[in-house]
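Peer 1: The chain contents come next:
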Amino acid sequence: MSFRFEDAASLRDDLRRVDYLSDEGIAGVVYLADRLQKPVLVEGPAGTGKTQLAKSVSEVLGTRLIRLQCYEGLDEAKALYEWNYKKQLLRIQSDRSDEHDWAGVSEDIFSDEFLLTRPLLEAISAPDPVVLLIDEVDRVEVETEALLLEILSDYQVSIPELGTIEAKQIPLVFLTSNNTRELSEALKRRCLYLHVDYPDLEREKEIVLTKVPDITENLADQVARVVRSIRQIELKKAPSVSETIDWAKTLVLLGVEKIEEQTASDTLNILLKYQSDIRKAAKELVTADGVSV
Amino acid sequence: MTATGTTEGNGRSAKTVPLELGDAVLELLNGFIIELRAAGLPVSLTENLDALEAVKHVPIGDRESFKYALGATLVKHYNHWKAFETVFEVYFSLRGKEYAIGEDGELLDLEDGDLDDAQAGDQQGAGGGGENLSPEELAEMLFQSLMRGDSQMMKGVARQAVRRFAGMEPGRPVGGTYYLYRTLRNLDLDGVLERLLQQAQDTQGEASEMDQRLWRDEYQHRIDQLQKEIEAEIRRRLVADRGVEAMAKTLRKPLPEDVDFMHASREEMTNLRKAIYPLTRKLAARLQRKRRHGRRGPLDFRRTVRASLSCGGVPVEPKFRNPNPHKPEIFVIADISGSVAAFARFTLHLVYAISGQFSKVRSFVFIDGLDEVTSYFEGVEDINEAVHRVNTEADVVWVDGHSDYGHALGVFWQKYGKDIGPRTSVMILGDARNNYHAAESWIVKEMQDKARHVYWLNPEPRSYWDTGDSIVGEYAQHCDGSFEVRNLRQLEAFVENLV
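Heads up: the protein sequence lines correspond to chains A and B, in order. Numbering of the first sequence is given in numbering that gives the first Met the number 0, commencing with residue 0 and proceeding in unit increments. Numbering of the second sequence is given in numbering that gives the first Met the number 0, commencing with residue 0 and proceeding in unit increments.
By construction, these hints were calculated from the structure, which means they are not laboratory data. Just so you know, these numbers come straight off a predicted model, no measurement behind them. Think of the CB as a built atom: it goes at the ideal place given N, C-alpha and C, for glycine as much as any other residue. Treat the hints with care, since some could be wrong.
[To be verified] To give an idea of the chain B side of the interface with chain A (calculated C-beta under 7 Å), a few residues: (1) S43; (2) A53; (3) H56; (4) E63; (5) A68; (6) A71; (7) K75; (8) Y77; (9) K281; (10) C310; (11) V315.
[Unchecked claim] Selected chain B positions facing chain A (Cβ under 10 Å, derived; list incomplete): (12) V57; (13) D61; (14) S64; (15) T72; (16) L73; (17) V74; (18) H76; (19) M209; (20) H220; (21) Y276; (22) V313.
[Stated by the list, open to error] Chain A stretches covered by chain B per the calculated footprint, using a threshold of three residues with CB under 8 Å from any CB of chain B: (23) 21-31; (24) 178-188; (25) 222-236; (26) 257-265.
Take the sequences, apply the hints, and build the full model.
Peer 2: Quick look at the structure:
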C-alpha cells in the first residue's frame with residue numbers, strides 16, 4: 000500500500016500550489032486520513048472552503064473527484080446503486096416468446112448490465128484512486144446516514160442480488176457538514192474530524208491575495224482587518240471567506256485603494272446578507288470604542 | 000505518574016523519527032483519554048485505538064501535529080474542542096523542549112537560565128534580561144511586544160510577568176484564576192490598550208472612526224494572545240507543582256450544553272447566548288424534517304398511475320401524498336423575576352426561534368403582575384432584541400416585585416383564560432418560589448381541563464423542589480408533566496418532544 004502524501008508539510012505546499020491555503024490542522028488531518036485510510040468529516044460555518052478542500056486535494060493528486068451531493072430524501076437508489084427497472088421489464092417482455100426458463104431470466108436481469116451505479120458505488124469500483132466527496136451530509140435524514148456506514152468503514156457495498164463489491168482501491172473520502180443537525184455517533188466514529196473555522200487574519204489576507212488578482216497588499220490587509228472586526232459583532236450570519244473574496248473583488252473593480260467608512264458601508268451588502276446585520280455592522284464599524292454588544 | 004515524567008526525553012529524541020510507542024507514552028495517552036471522558040467527551044474505544052494509531056504517523060516532537068492528530072481522532076464535536084484543548088495543555092504542556100523544567104524539578108530557579116537559553120538558541124531575543132529588569136522596563140517591553148505583535152517577545156514577557164507578579168508558591172491551594180488575576184492586575188492591560196491606541200494615532204496622524212475601531216480590534220487581539228500566554232504559563236507551573244491529574248480535575252468545566260442556567264458565570268452566559276442561535280437553527284431544521292417525513296400520507300392514486308406509465312403500466316413506485324399534521328398552539332407563561340430570568344430568556348428565545356413549528360405562539364411574563372408580550376416578538380428580526388425589551392418594558396410588577404405566582408396566574412386566568420382551547424399547550428416556566436403567597440393552584444387545574452397539555456418547567460434541580468417556599472409540587476399535580484430544565488441540553492430535548 001503506497002501512501003499518497005509524503006508528510007503534512009509537503010501536502011500543505013502542494014495545496015498552496017493549487018491556490019488552496021490550508022493551515023497546519025487541515026493539512027495534518029488530510030495527511031492522517033491517507034495514512035489511516037479513514038474518511039474525513041469536515042465541519043464548519045458555510046463558505047469556509049470545505050468543499051473546496053476536497054476539490055483541491057483531488058487536483059493535487061491529479062485524480063478524479065466523485066461527488067455525491069446530499070439532500071433531503073436522498074436514498075439508496077440515488078446514492079449507491081439502482082436496478083434499471085425499465086430495462087429489466089423490457090428484457091422480460093422481449094423474452095416472452097422464447098422458451099427461457101425463469102431462473103435463466105432472473106439470473107440475467109440481476110447482472111451488471113442492469114445495474115445503474117451511483118456515486119458511492121462508482122467511487123469504490125473505480126480502478127484508479129479517486130477522491131470521493133459526500134457534500135452536506137447533514138442534509139440527509141438520520142436513517143439515510145446508515146447507507147454510508149458500510150462504505151465508510153469497510154469500503155465495500157453489499158448488493159443482495161450480486162453479493163459484496165469490495166473497493167479496488169481505497170478512495171480518499173471527504174464528508175462535509177454545515178452542522179444543521181447532529182450527525183450520528185456511528186458516522187462520526189468512523190471518521191476523522193476536522194473543524195474548518197474562519198481563517199485568522201494572516202491566512203485570510205493571503206487567501207484574498209491569491210484569489211483576487213490585481214489587489215494591492217495594502218488593500219488585502221485592510222479587507223482582512225475589516226472582516227475580522229465584523230465577525231466579532233454578533234450577527235445572524237458572519238461573512239464567509241467567499242464573501243470576503245467577493246467584497247475584495249468589488250473593491251478592486253471600484254478602483255478603491257483605501258477603504259474609507261463611506262465605501263465600507265456602501266458595499267457591506269456584499270459581505271452581509273441580512274438587512275438587520277448590515278445596519279448593525281454599519282453602525283458598529285464607525286463606533287470607535289469597539290464595545291460590541 | 001508525575002508531571003515531569005519520563006516521556007520528556009522521549010519527546011525530545013523522537014523529533015524526527017516516527018514514534019515507537021513506549022509504555023510511558025501509552026500510559027500518558029491513557030490517562031489523557033480517561034480525563035477527556037471525565038470531562039464529558041464521549042470517547043469510544045474505536046476512537047481511542049484510532050488515536051493510538053494516528054500518533055504513530057506524526058512526529059511527536061511536533062506538538063501542534065500531535066495535537067491535531069489527537070483532536071481529529073478523539074474530538075468529534077466542535078463545542079468539545081475547547082475542553083479538549085484544556086486537557087491537552089495540561090497533559091502535554093511540559094513536553095516541549097522550550098518548556099523544559101529543570102531536571103531537578105526546582106521550579107523557581109529555572110527562568111533566568113531558561114530565558115537566556117531561549118535567547119541564545121531560539122532567537123527569542125527580547126525575552127532575555129530576566130531577573131535584572133525593573134518593573135518599568137518590563138512594562139515597556141510588554142508595550143513594545145504588543146506594538147510590534149512579536150509573539151516570541153510576548154511569550155517572554157508573559158513568563159516574566161507570571162514569575163514576577165503571580166507570586167506562585169508550591170503547594171498553595173488556590174486556583175489558577177487567582178494567579179491570573181494577580182498577574183493581570185499588575186500589568187494593567189486596559190491602560191496599555193489605551194496607550195497603544197494613542198501611539199497609533201500619534202504615528203499615523205488623523206484617523207477615521209473606522210480605522211480606530213480596526214486598531215482597537217487588532218490590539219485587543221494581541222492582548223488576548225498575551226493573556227492566553229500568561230494563562231498557559233500559569234497552568235504549566237501549576238501542573239509542575241501539583242501533577243497532571245489533580246490539575247486536570249480543577250480545570251474541568253461543564254460543556255456549554257451542560258452549563259446550569261441559574262449558576263452560569265458572566266462568561267458562560269455570553270457563550271450560552273452564542274450557542275443558542277445555532278442550536279435553535281438546528282432544532283428548527285430537525286423539527287421541520289421530522290414533520291415532513293415522520294409519517295407518510297395516504298396513497299396518491301393519480302401520481303402512482305402516472306409514474307407507472309414509464310414502466311409499462313406496472314406500478315413499481317407507489318406515490319404518497321404529503322402528510323399534513325396540524326401544528327400545536329403554544330402559550331408560554333414565564334416568571335422573569337431575578338432568580339430565574341436567564342432561564343425564561345433562553346426559553347422564550349428558543350420557542351420563538353422555532354415559532355414556525357407552531358400555529359400560534361403567545362407569551363406572557365410575570366413577577367407578581369402579568370403582562371402579555373407577544374407583540375414584542377411580532378415582525379422582529381432579532382429575537383435578542385425582543386427578549387431584551389421584554390425584560391425592560393413589560394409591566395410585571397404589581398405590588399413589590401417579588402414573585403407571586405398565585406396573583407399572576409389569577410390575572411392570566413381572568414384576562415386570557417378564555418383563549419385557551421383544546422389545541423393549546425401551556426408551558427409555565429418558573430421555580431414556583433412563591434414567597435408564601437397563596438398558591439391558587441385551582442387555576443392550573445382549570446387550565447388543564449381546557450388545554451391540550453399543561454407543562455411546568457423548573458430550572459431548579461429536582462432535589463430542591465418543594466423545599467422552602469417552593470410549591471412546585473402543588474402546581475405539578477395538575478400538570479401533564481413537570482420537568483427539570485437546567486441547561487440547554489434539557490431545554491432542547493423538551494422543546495423537541497413538545498412539537
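Peer 1: Could you run down the list of hints and mark each one as holding or not?
Peer 2: Against the structure, the hints:
| no. | hint | in the structure |
| --- | --- | --- |
| 1 | S43 | holds, 6 Å |
| 2 | A53 | holds, 5 Å |
| 3 | H56 | holds, 4 Å |
| 4 | E63 | holds, 5 Å |
| 5 | A68 | holds, 6 Å |
| 6 | A71 | holds, 4 Å |
| 7 | K75 | holds, 4 Å |
| 8 | Y77 | holds, 5 Å |
| 9 | K281 | holds, 5 Å |
| 10 | C310 | holds, 6 Å |
| 11 | V315 | holds, 5 Å |
| 12 | V57 | holds, 7 Å |
| 13 | D61 | holds, 9 Å |
| 14 | S64 | holds, 5 Å |
| 15 | T72 | holds, 6 Å |
| 16 | L73 | holds, 8 Å |
| 17 | V74 | holds, 6 Å |
| 18 | H76 | holds, 8 Å |
| 19 | M209 | holds, 5 Å |
| 20 | H220 | holds, 8 Å |
| 21 | Y276 | holds, 8 Å |
| 22 | V313 | holds, 7 Å |
| 23 | 21-31 | holds (count 6) |
| 24 | 178-188 | holds (count 7) |
| 25 | 222-236 | holds (count 7) |
| 26 | 257-265 | holds (count 4) |
In summary, this structure violates none of the numbered hints.
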